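Build out the structure end to end from the sequences listed, making use of the hints.
2 protein chains.
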Amino acid sequence: MSARRYLEDFAVGEIIRGGALRVEPAAIKEFAAKFDPQVFHLDEEAAKDTFFDGLAASGWHTAAMTMRLIVETLPLAGGVIGAGGTIAWPKPLRPGTTLSVAIEILEIRPSRSRPERGMLKMKCTTHEDSGEVVQTLVADLVVPRRPG
Amino acid sequence: MSARRYLEDFAVGEIIRGGALRVEPAAIKEFAAKFDPQVFHLDEEAAKDTFFDGLAASGWHTAAMTMRLIVETLPLAGGVIGAGGTIAWPKPLRPGTTLSVAIEILEIRPSRSRPERGMLKMKCTTHEDSGEVVQTLVADLVVPRRPG
Numbered sequence: 001m002s003a004r005r006y007l008e009d010f011a012v013g014e015i016i017r018g019g020a021l022r023v024e025p026a027a028i029k030e031f032a033a034k035f036d037p038q039v040f041h042l043d044e045e046a047a048k049d050t051f052f053d054g055l056a057a058s059g060w061h062t063a064a065m066t067m068r069l070i071v072e073t074l075p076l077a078g079g080v081i082g083a084g085g086t087i088a089w090p091k092p093l094r095p096g097t098t099l100s101v102a103i104e105i106l107e108i109r110p111s112r113s114r115p116e117r118g119m120l121k122m123k124c125t126t127h128e129d130s131g132e133v134v135q136t137l138v139a140d141l142v143v144p145r146r147p148g
Numbered sequence: 001m002s003a004r005r006y007l008e009d010f011a012v013g014e015i016i017r018g019g020a021l022r023v024e025p026a027a028i029k030e031f032a033a034k035f036d037p038q039v040f041h042l043d044e045e046a047a048k049d050t051f052f053d054g055l056a057a058s059g060w061h062t063a064a065m066t067m068r069l070i071v072e073t074l075p076l077a078g079g080v081i082g083a084g085g086t087i088a089w090p091k092p093l094r095p096g097t098t099l100s101v102a103i104e105i106l107e108i109r110p111s112r113s114r115p116e117r118g119m120l121k122m123k124c125t126t127h128e129d130s131g132e133v134v135q136t137l138v139a140d141l142v143v144p145r146r147p148g
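Those protein sequence lines, which keep their order, are chains A and B. In terms of the working numbering, the first sequence opens at residue 1 and continues consecutively. In terms of the working numbering, the second sequence opens at residue 1 and continues consecutively.
Calculated from the structure, these hints are not laboratory results. For clarity, every value in this text was computed on a predicted model and none was experimentally measured. Be aware that one or more of the hints could be misleading.
Any copy will do: because identical chains look the same in the list, a pair fits if it lies in one copy or spans two.
[To be verified] Only pairs whose alpha carbons sit at most 30 angstroms apart, straight line, appear in this in silico DSSO-like list of lysine-lysine:
hint	residue 1	residue 2
1	Lys121	Lys29
2	Lys48	Lys121
3	Lys91	Lys34
4	Lys123	Lys29
5	Lys91	Lys121
6	Lys29	Lys48
7	Lys34	Lys123
8	Lys34	Lys48
9	Lys91	Lys123
Structure below.
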């Protein structure tokens with residue numbers, strides 16, 4: 001957070017890149033055991049007979065790892081605070097890859113009712129080390145305006 | 001999975017309810033330390049001076065806990081497999097409450113190219129024990145059709 005950024009510090013079209021985060025099979029299974037206990041996220045052998053044809057991370061695990069990368073990549077004044085968004089997982093995330101993110105600024109909207117803040121719409125694309133996209137997230141973030 | 005359901009076994013407008021899942025402060029902090037390490041998810045005292053005015057769960061933690069409840073509530077043949085969706089967090093989730101879900105079936109669409117499966121669009125609403133909504137998720141699930 002050494003150079004925290006306010007709403008005024010972004011430009012539409014700007015792309016900010018960050019990462020890396022290694023995806024280990026143990027982490028996939030640990031997340032799944034807690035939050036998404038289904039065989040294709042828990043057991044390599046048993047996963048072969050499922051829709052996924054092998055072990056794959058829970059989409060919500062991909063989302064959580066992506067959030068980690070966003071927090072490390074976007075030094076927002078006030079922190080990374082999302083109101084919601086639209087998420088898609090175009091392909092299964094397999095263990096043994098390393099994730100990175102590309103965050104594109106889509107819209108910057110100062111609030112009419114709250115002069116001290118605004119909304120930043122961003123598209124965060126989560127890539128494997130092969131370059132393939134495992135998640136897209138378009139989200140609205142609450143971002144403070146520069147004081148004074 | 002004792003009474004697994006296929007695409008044909010659902011009706012538009014049907015609502016399926018499930019839960020409960022208790023939200024403890026330690027779980028909020030543990031998830032945040034791993035995936036969303038920001039002060040308002042990590043420390044009660046420091047969180048008071050933030051946007052959230054106190055400790056609140058990461059939205060992705062709410063999503064992950066909701067997935068746990070969906071997996072326990074929807075006995076889908078083939079498992080609960082999502083392609084993506086739209087998520088919103090209308091209010092902060094505080095520790096000390098118990099979550100439950102209400103899953104409404106919005107659309108049932110057999111696949112044209114894949115006769116063995118189809119898409120189920122659902123809206124999952126995550127409630128606190130007070131009844132207040134902490135998350136809505138509209139998602140498309142891949143669901144097998146009944147064989148034969």
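Here's how the hints hold up against the structure:
1. Lys121 <-> Lys29: For Lys121 and Lys29, only the inter-copy Cα distance (27 angstroms) is at most 30 angstroms; the intra-copy one is 32 angstroms.
2. Lys48 <-> Lys121: between (38 angstroms within a copy, 26 angstroms between copies)
3. Lys91 <-> Lys34: both (22 angstroms within a copy, 24 angstroms between copies)
4. Lys123 <-> Lys29: both (28 angstroms within a copy, 27 angstroms between copies)
5. Lys91 <-> Lys121: For Lys91 and Lys121, the Cα distance is within 30 angstroms both inside one copy (24 angstroms) and across copies (19 angstroms).
6. Lys29 <-> Lys48: within (15 angstroms within a copy, 34 angstroms between copies)
7. Lys34 <-> Lys123: both (28 angstroms within a copy, 22 angstroms between copies)
8. Lys34 <-> Lys48: both (21 angstroms within a copy, 29 angstroms between copies)
9. Lys91 <-> Lys123: both (18 angstroms within a copy, 22 angstroms between copies)
Hint compliance for this structure: no hint is broken.
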